[in-house]
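Novice: Sequence:
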Amino acid sequence: MGGALQKFAAGSEEKAKEINEIIDKCYDAHFTTEQMSNVEFFRAVCETVEDINKKLGNTQFRVPKATTLNLAYKKHFKSKGTVPLNKDEFQDMLKEVIFDTGVTGIGGAKDLILYIFGVPITAFVIKQSIIPRAIPNEIFIPSITSATVFILAKLNKI
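Numbering of the sequence shown is given in UniProt numbering, commencing with residue 1 and proceeding in unit increments.
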């Protein structure tokens, strides 16, 4: 079922199995009823995508919970009646919803920062302790950083 998503995953075989398990779990959780409204369908799809994003370590906004959306709707739309929201009101409502739900996959961003900064610093410290004058620092540090970014790109981490 998740074969089409396989190319997006780093470590394709293992990630494809994990994605298939997530899709199966979400399907069992949401598609048990015969009659489903559009809202329920979109909600099920969004939660599935959120679970996949968590598993793959991508940083995304979480899908807001139905109760959060309902409260925001009642607060901003019911109080105004039939008058549509302007851009500032919509932005305020969106901020409330996003701050309430948060962000998924912060671990992926932490890993990226750790690799891009940590690997070159560690390599520099090792170089300085073993062979301090063999390679100039002006060449060594950018080379290690570029190699780290290249490897992360090949592993689909960035």
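Treat the hints as calculated values from the structure; they're not laboratory data. Please note: incorrect hints may appear among the correct ones.
No farther apart than 16 angstroms at their CA atoms in a straight line, the calculated lysine to aspartate or glutamate pairs in the EDC-like style are these [claimed, not checked]:
| no. | residue 1 | residue 2 |
| --- | --- | --- |
| 1 | 65 | 40 |
| 2 | 74 | 51 |
| 3 | 55 | 89 |
| 4 | 65 | 50 |
Ranges of calculated distance between the beta carbons of each label pair, as one might list FRET restraints [as the list claims (entries may be wrong)]:
| no. | residue 1 | residue 2 | range |
| --- | --- | --- | --- |
| 5 | 149 | 14 | 19 to 29 angstroms |
| 6 | 24 | 114 | 46 to 56 angstroms |
| 7 | 68 | 126 | 47 to 57 angstroms |
| 8 | 24 | 75 | 48 to 58 angstroms |
| 9 | 135 | 155 | 40 to 50 angstroms |
| 10 | 126 | 67 | 47 to 57 angstroms |
| 11 | 89 | 128 | 29 to 39 angstroms |
| 12 | 158 | 30 | 52 to 62 angstroms |
Beta carbons are placed, not taken as given, at the ideal position from N, Cα and C, and that holds for glycine.
Novice: Hints first: check each against the structure and report whether it holds.
Specialist: Taking the hints in turn, this is what the structure says about them:
With a C-alpha separation of about 12 angstroms, the suggested pair residue 65 and residue 40 falls inside the 16 angstroms cut-off, and the hint holds. Using a Cα cut-off of 16 angstroms, the hinted pair residue 74 and residue 51 is violated, with the two alpha carbons roughly 27 angstroms apart. In summary, the hint linking residue 55 to residue 89 is not supported, as the alpha carbons are separated by about 34 angstroms, beyond the 16 angstroms threshold. Pair hint residue 65 plus residue 50 holds up; C-alpha atoms about 12 angstroms apart against a cutoff of 16 angstroms.
Distance hint check for residue 149 and residue 14: the Cβ-Cβ separation is about 23 angstroms, which falls inside the suggested range of 19 to 29 angstroms. Distance hint for residue 24 and residue 114: a CB-CB separation of about 32 angstroms, inconsistent with the stated range 46 to 56 angstroms. Distance hint check: the CB atoms of residue 68 and residue 126 are about 48 angstroms apart, consistent with the given range 47 to 57 angstroms. Checked against the given bound of 48 to 58 angstroms, the beta carbons of residue 24 and residue 75, roughly 37 angstroms apart, lie outside it.
The given range of 40 to 50 angstroms is broken by residue 135 and residue 155, whose C-beta atoms sit roughly 25 angstroms from each other. The beta-carbon spacing between residue 126 and residue 67, approximately 52 angstroms, falls within the hinted interval of 47 to 57 angstroms. Between residue 89 and residue 128 the C-beta distance comes to about 56 angstroms, which lies outside the given range of 29 to 39 angstroms. Checked against the hint of 52 to 62 angstroms, the pair residue 158 and residue 30 fails, with Cβ atoms roughly 32 angstroms apart.
The earlier numbered hints that this structure contradicts are 2, 3, 6, 8, 9, 11 and 12.
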